[in-house]
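Q: Those protein sequences? They're chains S and X, same order as listed. Quick note on the numbering used here: the first sequence kicks off at 1 and runs consecutively. Quick note on the numbering used here: the second sequence kicks off at 1 and runs consecutively.
In case anyone wonders, no lab produced these hints; they're calculated from the structure. All residues carry an ideal CB built from backbone N, CA and C; glycine is no exception. There could be a bad hint or two in this list.
What the hints assert, rightly or not - No more than 27 angstroms apart at the CA atoms, straight line, and that leaves these computed lysine-lysine pairs for BS3-like:
#, chain 1, residue 1, chain 2, residue 2
1, S, K173, X, K54
2, X, K127, S, K165
3, S, K173, X, K127
4, X, K54, X, K71
5, X, K71, S, K170
6, S, K165, X, K228
7, X, K228, S, K173
8, S, K170, X, K54
9, X, K127, S, K170
Claimed, not checked - Negatives, chain S to chain X, calculated, CB over 10 angstroms:
#, residue
10, F63
11, I133
12, L218
13, A240
14, E246
15, F247
16, L269
17, I282
18, G301
19, P307
20, V311
21, E330
What the hints assert, rightly or not - Derived coverage of chain X by chain S (criterion: at least 3 residues anywhere in the stretch with Cβ under 8 angstroms from a Cβ of chain S; other residues may be distant):
#, segment
22, 48–60
23, 74–82
24, 95–102
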Amino acid sequence: MMKRLLAVFIARNKEFLRDRAALGWNLLFPVLIVAGFAFAFSGAPAPLYKVGVAGTAPPSGFFTTPHVQFIAVDDLAAAITKVERHRLDLLVDVAGARYWVNDESPRGQLLERVLLGSDNAALRKQAVSGRLIRYVDWVLPGVLGMNIMFSALYGVGFVIVRYRKNGVLKRLKATPLSAIEFLAAQIVSRLWLIVAVVMVVFFGTHLFVDFAMYGNYLTLFLAFAMGGICMISMGLVIAARIASEEFAEGMLNLISWPMMFLSGVWFSLEGTHPLVQKLAMIFPLTHMIDAARAVMLDGAGLAAIAPQLGVLLAMTAGFLVIGAWLFRWE
Amino acid sequence: MSALIEVDNLVKHYQGVRAVDGISFTIPRGACIGLLGPNGAGKTTTVEMLEGIKEPTSGSIRYQGEPLGAKFRREAGIMFQSTALQEFITVRETLRMFRSLYDHGVALDELIDACALHSFLDRDTRKLSGGQRQRLLLAIALVNDPQVVFLDEPTTGLDPQARRMLWELVRDIRRRGKTVLLTTHYMEEAYELCDEIIIMDQGRIIAHGSPDDLLARHFHDVVLQLPKADFTAGVLPQLTALDCGDSVEILTSAVTDTVQQLLAGGVSLDRLRIRARTLDDLFLELTGKELRT
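Kindly produce the complete structure, drawing on both the sequences and the hints.
A: And the structure:
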């Protein structure tokens with residue numbers, strides 16, 4: 001029995017070790033993840049509290065309190081919304097001699113004591129109230145976005161490569177079907193499936209998790225749909241010529257995993273290394289999640305998320321042109 | 001018969017290898033042409049160029065006098081040697097999908113009857129037997145009511161019963177006036193179905209004609225087969241006996257004389273078999289290779 005076991009054990013080891021792509025990926029992938037996280041969160045530990053500051057704060061007193069991150073604020077209305085949503089613990093308008101605190105926020109209450117206990121007793125309080133944006137509220141758009149990304153990339157990219165490898169594309173090439181017709185069918189098919197699945201997950205989750213949704217449903221739908229088309233098009237580029245499923249899987253992993261970690265699915269990119277924040281902007285997932293979060297958590301309208309939609313549109317056009325140009329049936 | 005397809009000086013290079021090396025032939029309308037050759041002879045490359053799947057390096061292929069184009073794709077039916085179908089869809093759905101790709105075609109019910117697909121119409125294509133799968137692939141090749149049908153090794157891997165059923169379907173296609181180009185490893189299949197055969201080796205055509213003509217042109221003898229145990233070497237020095245493992249083969253054009261010589265030599269003829277020369281023999285004669293090597 002041991003002899004047979006050993007024979008299979010050795011054969012399997014050789015099979016794995018000689019598959020250079022799989023071996024390389026297995027070695028490289030964890031290293032890349034650890035290195036990525038180490039780089040993203042390099043520098044000083046994250047501060048405990050966040051205070052928005054409108055105007056120029058004096059470099060003394062409350063504004064030198066340790067473990068508090070003081071964030072310059074240009075848009076006072078947007079900052080007040082953040083206090084309402086518990087995303088800022090306190091907001092101080094230096095020139096107007098007033099401050100905003102959410103009476104439902106324990107962190108805000110504590111910071112208010114620190115503020116008034118220092119040399120700022122003359123500031124007028126502007127109380128606001130608002131529901132706490134919990135992690136589940138914050139993470140939901142990211143999780144939906146991640147689901148769309150995997151469905152788009154693997155559902156189109158991987159499937160087309162498989163079709164090419166097993167001869168389905170060759171068979172279709174022998175018919176009057178054009179490449180553009182074939183690709184368009186793939187895009188439309190995957191898009192409606194993505195939209196349907198996202199809607200089921202969204203409303204299904206809403207039945208047992210009372211998550212925040214301050215914006216318009218149609219606007220949110222548009223953000224997800226445009227993100228979906230963009231990532232489907234990205235999948236077409238990857239699948240345009242590859243005929244090896246193993247190589248395609250490696251490529252898709254190489255793209256999807258960094259995108260999942262660096263597009264703000266699980267954690268906010270605020271406080272990460274500036275290079276990471278810049279890198280994140282090349283990923284369509286970042287723009288889709290930003291737009292979806294703005295709609296769901298801040299009640300943003302179409303105009304407010306137009307920049308993200310514009311970027312997604314431009315990326316989609318680029319991917320489609322490249323994908324159609326590169327595409328080969330065989 | 002007028003030519004449906006004309007092939008002129010066709011060449012295909014693969015990284016320095018001349019897979020197809022300047023071949024020319026015509027396929028008459030309504031004929032069944034068999035393309036034979038061992039693996040690596042260039043027949044699949046040739047067929048794929050004729051199907052419009054691969055671009056020739058040089059030379060021309062004309063369909064009804066025109067270069068291969070949209071008209072050819074509308075009017076050609078192709079059964080590839082190995083084709084995967086989209087998964088999780090049934091036979092009926094697969095037929096509907098392919099039928100929808102063509103403006104003109106046959107009614108699905110007619111196709112289902114012709115290819116005997118009734119018993120597994122609603123079965124997932126992954127769960128078909130070898131014979132059922134080949135019949136479905138043949139039906140797909142016929143879905144557009146093609147003028148010319150390419151069948152690339154359609155019976156490879158099938159049991160004898162399934163193979164004969166497919167032959168009957170091919171004969172039915174021919175009865176409808178379609179032109180057929182068949183590649184096969186099975187000589188019996190080529191002999192049964194084809195009006196003409198083209199034998200290729202190393203990218204070139206080495207023989208072209210009707211099976212009977214080719215055999216008559218190259219052979220004037222038959223083969224006598226005897227178990228080696230029944231044949232004593234050296235008894236008949238005037239006969240040339242080929243050692244074929246457990247048996248010996250004697251080539252002769254005068255069967256009666258040879259049999260009398262064997263009897264006179266004391267050889268038992270109880271297990272004697274006499275067979276005519278085959279296309280396998282022809283190929284061996286022409287190239288020195290077995291047909292399936």
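Q: Work down the list of hints and note, for each, if the structure agrees.
A: Against the structure, the hints come out as follows:
As the CA atoms of K173/S and K54/X are separated by approximately 11 angstroms, the hinted pair is consistent with the 27 angstroms bound. With a C-alpha separation of about 20 angstroms, the suggested pairing of K127/X with K165/S holds against the 27 angstroms cut-off. Simply put, K173/S and K127/X have alpha-carbon atoms about 25 angstroms apart, close enough for the 27 angstroms limit, and the pair holds. Straight-line distance between C-alpha atoms of K54/X and K71/X comes to about 17 angstroms, which keeps the hinted pair within the 27 angstroms bound.
This hinted pair checks out: K71/X and K170/S have alpha carbons roughly 18 angstroms apart, not beyond 27 angstroms. Between K165/S and K228/X, the direct Cα distance comes to roughly 49 angstroms. Violation of the 27 angstroms bound is thereby established for this hinted pair. Distance hint between K228/X and K173/S is unfulfilled; the C-alpha atoms sit about 53 angstroms from each other, more than 27 angstroms. Taking the CA atoms of K170/S and K54/X, the gap is near 10 angstroms; set against the 27 angstroms cutoff, the hint holds.
Between K127/X and K170/S, the direct Cα distance comes to roughly 22 angstroms. Compliance with the 27 angstroms bound is thereby established for this hinted pair. Taking the minimum C-beta to C-beta distance to chain X, about 63 angstroms, the non-interface status of F63/S holds against the 10 angstroms cut. Non-interface call for I133/S relative to chain X: holds, since the shortest CB-CB distance, roughly 41 angstroms, exceeds 10 angstroms. Consistency note on L218/S: stated as away from chain X, and its beta-carbon is indeed over 10 angstroms from all of that chain's, at 33 angstroms minimum.
In this structure A240/S is separated from chain X by more than 10 angstroms, as the shortest Cβ-Cβ distance comes to about 18 angstroms. E246/S, annotated as away from the interface, keeps every beta carbon of chain X farther than 10 angstroms; the closest lies near 17 angstroms. No beta-carbon of chain X comes within 10 angstroms of the beta-carbon of F247/S; the shortest separation is about 19 angstroms. At the 10 angstroms boundary, the C-beta of L269/S stays outside the reach of chain X, the nearest C-beta of that chain being 39 angstroms off.
At roughly 34 angstroms, the least C-beta separation between I282/S and chain X is larger than 10 angstroms, which holds for a residue marked as non-interface. At roughly 41 angstroms from the closest C-beta of chain X, the C-beta of G301/S stays outside 10 angstroms, upholding its exclusion from the interface. In this structure P307/S is separated from chain X by more than 10 angstroms, as the shortest Cβ-Cβ distance comes to about 40 angstroms. No beta-carbon of chain X comes within 10 angstroms of the beta-carbon of V311/S; the shortest separation is about 34 angstroms.
Not every C-beta of chain X lies more than 10 angstroms from that of E330/S, the closest at about 7 angstroms, which undercuts listing it as non-interface. Here's how the segment 48–60 of chain X fares: 3 of its residues keep a CB closer than 8 angstroms to some CB of chain S, so the rule of at least three is met and the hint holds. Chain S is given as covering the segment 74–82 of chain X, and this holds because 5 residues of the stretch bring a CB closer than 8 angstroms to a CB of that chain, at least three being needed. Note: the segment 95–102 of chain X has 3 residues with beta-carbon separation from chain S under 8 angstroms; the three-residue rule is met and the coverage holds.
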